[in-house]
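Visitor: Below, each chain spelled out in residue letters.
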Amino acid sequence: MAISSQSAKNLGSKVLIRPNSQTKGIVSWLTTVDHKRLGIMYLVASFLFLFTATIESSLIRTQLIRPNNTFLSPEIFNQMFTLHGVTMVFLAIMPMGTGFANFLVPLMIGARDLAFPRLNAFGFWIYIAGATLFYSSIFLGGAPNAGWFAYAPLTSLSANPGHGIDFYMIGLFLAGMGTLATAMNVIVTIISMRAPGMTLWRMPMFIWMVLITMFLILFAFPPFTIALVQVIMDRSFGSLFYVPEQGGMPILWQHLFWIFGHPEVYIIVLPAFGAISEVIPAFSRKPLSGYPIMVFSGMSIGFMGFAVWAHHMFTTGLGPYGEMAFAVTSFVIGVPTGAKIFNWVMTMWGGKIRLTTSMLFAIGFIVTFVMGGITGIMVAISSLDAQINSSYFLVAHFHYAMGGGALLGFMAGFYYWFPKFTGKMLSEKVGRFVFALIAVGFHTVFFPQHFLGLMGMPRRIQTYADGYGFNTLNLISTLGSYIALVGACLLAYDIIVTMRSKDRKAPNDPWDARSLEWSIPSPPPVHDFDTTPVVVGQDTFWLEKYPQFKNISKQEESEIAKLAKESDKHGIHMPGASWWPLITSVALFFGGYSIIFDNILLGIIMAGLLIFSVHAWAFEGVGGYYVTVDNDGGKK
Amino acid sequence: MSMTSHGYRSSNIKDPKLLMWIFLASDCMFFGSLIGTYLVYRGRSLVGPYPQDLFDIPLTTISTFVLLMSSFLMVMALYYLRKNKIQSFRLATFGVIIFGSIFLGFQVFEFSHFAHEGLTLQQNLFGSSFYVLTGTHGIHVAIGVLWLISLLITSYIRPMTSKDEVYLDVAALYWHFVDIVWIVIFTVVYLIEFI
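Taken in order, these protein sequences are the chains called A and B. Following this note's numbering, the numbering of the first sequence begins with 1 at its first residue and continues without gaps. Following this note's numbering, the numbering of the second sequence begins with 637 at its first residue and continues without gaps.
To be clear, the hints were calculated from the coordinates, so they are not data collected in a lab. Note that beta-carbon positions come from the ideal geometry of N, C-alpha and C, so glycine has one too. Hints should not be assumed to be uniformly reliable.
To be verified - DMTMM-like mimics (lysine to aspartate or glutamate), calculated; alpha carbons at most 25 Å apart, straight line:
#: 1; chain 1: B; residue 1: Lys-799; chain 2: A; residue 2: Glu-566
#: 2; chain 1: B; residue 1: Lys-650; chain 2: A; residue 2: Asp-568
#: 3; chain 1: B; residue 1: Lys-799; chain 2: A; residue 2: Asp-568
#: 4; chain 1: B; residue 1: Lys-721; chain 2: B; residue 2: Asp-800
To be verified - Partial pick of chain A residues on the chain B-facing surface, computed with a CB cut under 8 Å:
#: 5; residue: Phe-116
#: 6; residue: Leu-180
#: 7; residue: Met-184
#: 8; residue: Met-193
#: 9; residue: Leu-218
#: 10; residue: Pro-222
#: 11; residue: Ile-226
#: 12; residue: Gln-230
#: 13; residue: Gly-238
#: 14; residue: Leu-240
#: 15; residue: Phe-241
#: 16; residue: Gly-248
#: 17; residue: Leu-252
#: 18; residue: Pro-510
#: 19; residue: Leu-563
#: 20; residue: Ala-564
So here's chain A without its partners, still in its complex pose (with noise of 0.2 Å):
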């Protein structure tokens, strides 16, 4: 493999020089472009957060483990579960969405990166930037402290005079950008970077979860920008959008919020569902069963998704015919999901199943997730909502949906993928004690809570008095939050170890799985595919490894890989690293600051530097060097 270098000639390069693919060390992760090492630092990113908002949980357990407990005040109690679902959602959850799909997209349709590297890279530092303004509210004056859906007027200025809110509105804000700037990326990538043979009805079903996705975010993050803006506004600048004195409505927040709130959960959850779609028929040697009726139902789980927000207000006084609407919306719905999860069980039916650790997170998926989706039914019961809304019964409720659904389907897939990103497989010895501990402490901690609901006890509330019979199943709860958490420090332990070790090394196929990932070694090289794809199929690995299932004419074969040969040609451009995303997202995280702290002189600097910036970026040419491949480099 001969790599040469292609400098730049211009007024970027002049400024601040774009690092070549010589550069080695920290400069070289702060400038990649390389979709595999922003998707892993995405990972680790979301699993870092993942690991703070499971401690946060643990203490929030710890402090209602026996009625009247003093472990956390009134006040840290609030900033505590702010925290954790905000945490949870936007900065853990989330983001592993994008570190899959950052570092799987491209290897799944046959592409050698994103379509806009630059602006992938931006899209990660500003989610950084977010992130790391968000926090830096416990030692700027006190936590958010509204809740992850930060109700107004419980926001406004006068309810909540510290600077909390602010950090939560900012940070959510500069996250958002990031977000939707890598959902656009996505797309583009996804609709135009396909390996020559990959048709829409070839692509692997994880695309296809991922391309809904990023639809879902394209059009659910808008109402919640502005909406976060209008309080920004309000609390900054003296507007009246939320204040009720002056004729503001809350209620407004409401609806922009579940707006977005709503198709929020299958932006979480829709990758989850993708990666399960690879992982169960990986590990049944079956295809996946009913592959339209998976697209189709994703298609209309991302339709619907938009109509039933407002069954989060059932208790707001939206009148009997809005709250029919709502509810039987929200009953349809469930169809969809429903056919998923009868194709998944489908797939499995006569399979040769392999109980690897995946696969067992998986199977756990399905059950924890239907759980979810029956109590789901239950509470789109508009006239049962009214009883049980804002108890823990809908606690329990949506962390069986995000956290049983999303989560254990995120597991199953960093199980299956691991060797892909690392090179290095996990021990599967260790992975069942993990599977067991995790999905032992989530039942526990979660499903007594189904009851706690039942019986009245509210959410959000610091302690609860004795005698209401809550004591028994809160202590078991919490003890269950313990175990859970044991599991995710074994999980955090096998990682380290097996990125210590020097005996794991994984092979390109360790599961003899079907999609395109599979060809290339464990982890893949910098330029990804040698030569372009030639796709001749659903699975298309797999027809390459099992030609008797192929059903291709030989005719449209030659001519893919016509295509594929003439592409070749034109020989691997990698696309050179660059300063400028990092130098914006610093810009637009300080200009967060200088808006909390109403510094104009700071504002002043920080608009001028994202001018520049972006000026450079556009303008800092092409770069990027060229990469040669022997005829029989990288298949000994």
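Given the coordinates of chain A, work out where chain B should sit on it, guided by the hints.
Guide: Just chain B now, with coordinates in the frame of chain A:
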């Protein structure tokens, strides 16, 4: 499906152009939320001044016309660039910049006039929702103007040919979208008060 200098592509649309279309789809939701907020709060202000007291339809019609004409010039600029007529392209782009700036000038005048009449961001719901909506649109126009200035300067620094068409094409898409949004705002914010 086509081949480019980077090899095989699975669609015929250029990446920057597709990105801009997707961004605009998202931007629809941004403006949708702002316009929605404005309409929800319409007629709910507790104190004046109210829209009918302030809006000057003939004046805003002129600024609307100017913005529409800038879109026409934008089309001309793209046409000339495709034909490799760089001088005409520069002239047309300059025209877009001037017309966009005139529109912004009208907006600054309008804002200061309204503020003088007592409508501030902090005065009532109409003020809050009106300024944030039209202000966001104004920022979009300002970004467009800055963008076109950068492109115009670029055309003097390095030779620009019809190969660079996609850069102008993307800016043009953005510009037309911002223009269309203004038509909607002009209708549902201004004209609706006088039906």
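Visitor: Give a verdict on every hint.
Guide: A quick look at each hint next to the structure:
no. : hint                  : in the structure
1   : Lys-799/B x Glu-566/A : holds (23 Å)
2   : Lys-650/B x Asp-568/A : holds (20 Å)
3   : Lys-799/B x Asp-568/A : holds (23 Å)
4   : Lys-721/B x Asp-800/B : holds (13 Å)
5   : Phe-116               : holds (7 Å)
6   : Leu-180               : holds (6 Å)
7   : Met-184               : holds (5 Å)
8   : Met-193               : holds (6 Å)
9   : Leu-218               : holds (5 Å)
10  : Pro-222               : holds (4 Å)
11  : Ile-226               : holds (4 Å)
12  : Gln-230               : holds (7 Å)
13  : Gly-238               : holds (4 Å)
14  : Leu-240               : holds (5 Å)
15  : Phe-241               : holds (6 Å)
16  : Gly-248               : holds (6 Å)
17  : Leu-252               : holds (6 Å)
18  : Pro-510               : violated (29 Å)
19  : Leu-563               : holds (6 Å)
20  : Ala-564               : holds (7 Å)
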